[in-house]
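Given next are the chains, with one letter for each unit.
6 protein chains.
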Amino acid sequence: MKCIILDKTLEYDGSQISSLWAYNLADVQADSIIAFRGGCDVKIEHMIDLEDKKQGDMIFSTDMVHFIIEHFDSTDLKLVYARQRLFTAIVAEVLSEYRNDLIRKGDDLFVDGKKLTVSIASTSAVSQKIHFGINVMHDYYGSLEDIGICNDDVLKLMEKIAKSYYNEFIDIELDLRKSRPLDVI
Amino acid sequence: MKCIILDKTLEYDGSQISSLWAYNLADVQADSIIAFRGGCDVKIEHMIDLEDKKQGDMIFSTDMVHFIIEHFDSTDLKLVYARQRLFTAIVAEVLSEYRNDLIRKGDDLFVDGKKLTVSIASTSAVSQKIHFGINVMHDYYGSLEDIGICNDDVLKLMEKIAKSYYNEFIDIELDLRKSRPLDVI
Amino acid sequence: MKCIILDKTLEYDGSQISSLWAYNLADVQADSIIAFRGGCDVKIEHMIDLEDKKQGDMIFSTDMVHFIIEHFDSTDLKLVYARQRLFTAIVAEVLSEYRNDLIRKGDDLFVDGKKLTVSIASTSAVSQKIHFGINVMHDYYGSLEDIGICNDDVLKLMEKIAKSYYNEFIDIELDLRKSRPLDVI
Amino acid sequence: MKCIILDKTLEYDGSQISSLWAYNLADVQADSIIAFRGGCDVKIEHMIDLEDKKQGDMIFSTDMVHFIIEHFDSTDLKLVYARQRLFTAIVAEVLSEYRNDLIRKGDDLFVDGKKLTVSIASTSAVSQKIHFGINVMHDYYGSLEDIGICNDDVLKLMEKIAKSYYNEFIDIELDLRKSRPLDVI
Amino acid sequence: MKCIILDKTLEYDGSQISSLWAYNLADVQADSIIAFRGGCDVKIEHMIDLEDKKQGDMIFSTDMVHFIIEHFDSTDLKLVYARQRLFTAIVAEVLSEYRNDLIRKGDDLFVDGKKLTVSIASTSAVSQKIHFGINVMHDYYGSLEDIGICNDDVLKLMEKIAKSYYNEFIDIELDLRKSRPLDVI
Amino acid sequence: MKCIILDKTLEYDGSQISSLWAYNLADVQADSIIAFRGGCDVKIEHMIDLEDKKQGDMIFSTDMVHFIIEHFDSTDLKLVYARQRLFTAIVAEVLSEYRNDLIRKGDDLFVDGKKLTVSIASTSAVSQKIHFGINVMHDYYGSLEDIGICNDDVLKLMEKIAKSYYNEFIDIELDLRKSRPLDVI
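Residue numbers (our numbering), protein chains in the order written: chain A, -10 to 174; chain B, -10 to 174; chain C, -10 to 174; chain D, -10 to 174; chain E, -10 to 174; chain F, -10 to 174.
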């Protein structure tokens, strides 16, 4: 698995959730988590969550940190959703160093009752992907600013979150290779 | 999925990790999370983690709360390990109401640098299972007592943790039924 | 699993076989069987069975009862086809109360040598689906009319068939949760 | 897939449900349905259905026709249970030529309110298997005799049922090779 | 599995890698390997390998032998890639009768340091496919001519390669039906 | 994936085919190929191939090189058998530097009409494994000696074969991460 932090700004428009985006962007031929910073303006044709699409939801933010995760080891919907929830919990754990009263509900994080994040997960015939975005600043929704994370700390935070998921993944791969099958009653 | 809290004490000896234990115990014909309280003394023949077995590790505690999770929807090792990590994060979230400085490392929780929990996950040909135990009191390892959870609150805690995992599972099952497949670049 | 009978007429044009149709129609976030009544006029671009497409088959009927089944628990082609055949057998069983000389050949039912039904099954990256349609009246093909089911009984029939499949599914889910793995010679 | 009718009597003692029994018996290196006639006396250690085991159920009959199905194409529990239900429906269809008032409930058939059959399905790490037994004669339970099938017709019946499942399997394998993937809304 | 040698020339333009091409071409309702001879000119919209697409690679040859393999038994990427490598090794084995100094690197064969072949593998929601092309003559790349295979022998070669893969597949299907599951330490 | 050459002699008695042998031997928590040298004397209770077991085959050799491959990424029988065949082809390729007239038939290699190798593949609920053994010397069967590989070259050969499979595996994992899903006709 590769862990990559892009150093240039990139707007998330929903095309990045497509399978093989990492390969097209940076010749990544591995499972990967790629973090970058930029606005968020998801075009209707890239909306994966039909609830958003149906409600004509605007998924818009001027400044976010984004994480794009891709795994090629399985195309099981249940697995990518379990991983998405685990990633959300990891983000909460990392942010708890700044504010320890964040609330996680499924794939959403809340600060002071305000939604701080957006996320989606799905699969194609060749890979599974997760997008997770956190507002850096926002007039209406929650943001890193509300948590007390200033602009200078954002890059470090991106690295910390991406690295935590990477480490969790590696750790799981190790653990599942030392457990024998279950007995059966 | 069923969420069950046993009202009688039961010692975890490792046989409970076997597939179909819930059916044998209580005719449960559903995915389930079952919580109970009791000692922990895992016999060598029931050890699933070969690292423990190899090291002749004693998995012993006089008083724990135990959670036994069983899913029949897949026998994928990767899925049960992602679920185990997610469950561990959920336990940390619930306990954070009492102490918000717990540390999660993979499937372990630590309080004041002391290991608080034991856990294992694996599969048979018919189901996947997770055991997760938390010391209620312990002379050497961390315990609920260290977190400030008194005896009277243990049952409530068991219910809260079990219910949280149950709700997460239901929420995931709902979410994955409104996401369309990924585009491909 | 949800079992839904639509009370308004709807023409089956082939778009209903798409994944997530149930969510778009009625916010269904569950495996489901949805029954409705209406004409059938499948557009060439919605034809899933390439044999029909190739032969320029007209899949047309002015009045049918339709069943749309969606499962998100697997995208295995073999499973959805086994379920389609099972559903066909269930329809035959329900109809046998009216006429017990129906013939099932794969996913087709015949009455007096006339084809009574149309059906298709397939998968996308996120779900598996089955369409099954039964002529209510037809000049050339077999119909419920031939079986002696009058207009007033059609709704009851739709409910009975949908409920039977629902019950079968629930029953299977229960049964597979009490069987231990096989021995091996 | 092979379809084999054994010409010598064999008692079903539960060992025949083990994976690879067909290979051991007759060097069968294919998916298979094997039919034979003989008593039924399942030893407790071969009971796959834990409900039977728990209740100390005696699975006993002096004269049955048995069908043993083995597939190596998947070890998915959901698939083998869907196939078991489909097989049960097929048996009912074949028997309906003699008596058309048989009732199927899940994997059981009933005649005159009396249970006519026993069945179990499960998987190992290498194959999935189904056992299905029908009483030829029985003092208490239903039997082929009740249906009006005399001793001389039993062999023909065995062939007809086995061949019907074989044909259904072949037909499914053909059908799933001409259906394109689903569209997605 | 079907093994088919087309007797008329056909240019490979990349559309043949689509799922269900064999059914559309020749009503093939089976896993299949189809061999044909013709030019190669892959349109950009049919390029499956994004490396080729990215580099604007021209996949062009005036005279090749082509093999198109389709399996419906799984949509696992890992399996189709293992099969692609195995097929490449089989081609090398067959060609070794003419020249035994061919080099295989992954899915490529080289003669005298010149690339002799092109290949791609992928999956859709319903099948897995492999394309493998070998230059018959080529000014720049390696070709059958370099190996000493003249025009008259090309058809025989096509038959031999296709038949070898077919036999390997059948042999694997037999072998996996006589092996018991592994023990576990 | 780890590639390990044991420097001490070890007799293959069949226990090494068990899942998690590599972990027990050397704390390997990765997919792995482990090569070692030693006799071969497979006990009847460790025979995986029932044909051998049935025929009371003696799988015996005084001096072999052994390769034990374990993958935890899937428990699909079809995948482990495709990998076994691919490994066999790789061994033939490496040995072709010494003798280029070896014959591969499935998972067997032959030199001068004499069988040179033994191999088996299977799965448990947690991993898939392959054993492949090559006679170093043998009175009756083929051996490395027949190929012209002397004792001093055996270690180098073990390294070369193990490394070739390792490289092939890595190469496949890279390749499958740059291919988009198939189109569908």
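These are computed hints drawn from the structure, not numbers from a lab. No experiment lies behind these values; they were computed from the predicted model shown. Keep in mind that a hint or two might mislead.
The list treats identical chains as one, so a pair stands whether inside a single copy or across any two.
As the list claims (entries may be wrong) - Pairs of lysine-lysine, DSS-like flavour, derived with a Cα cap of 30 Å: (1) K104 / K152; (2) K145 / K104; (3) K145 / K42; (4) K43 / K(-9); (5) K(-3) / K43; (6) K32 / K43; (7) K(-3) / K104.
Consistency of the hints with the structure:
1. K104 / K152: both (24 Å within a copy, 23 Å between copies)
2. K145 / K104: Cα proximity of K145 and K104: in one copy and across copies (22 Å, 28 Å).
3. K145 / K42: neither (33 Å within a copy, 35 Å between copies)
4. K43 / K(-9): between (35 Å within a copy, 21 Å between copies)
5. K(-3) / K43: The answer is between: 21 Å across copies meets 30 Å, while 33 Å in one copy does not.
6. K32 / K43: both (13 Å within a copy, 24 Å between copies)
7. K(-3) / K104: within (26 Å within a copy, 39 Å between copies)
Violation of the numbered hints given earlier is confined to hint 3; every other hint is satisfied by the structure.
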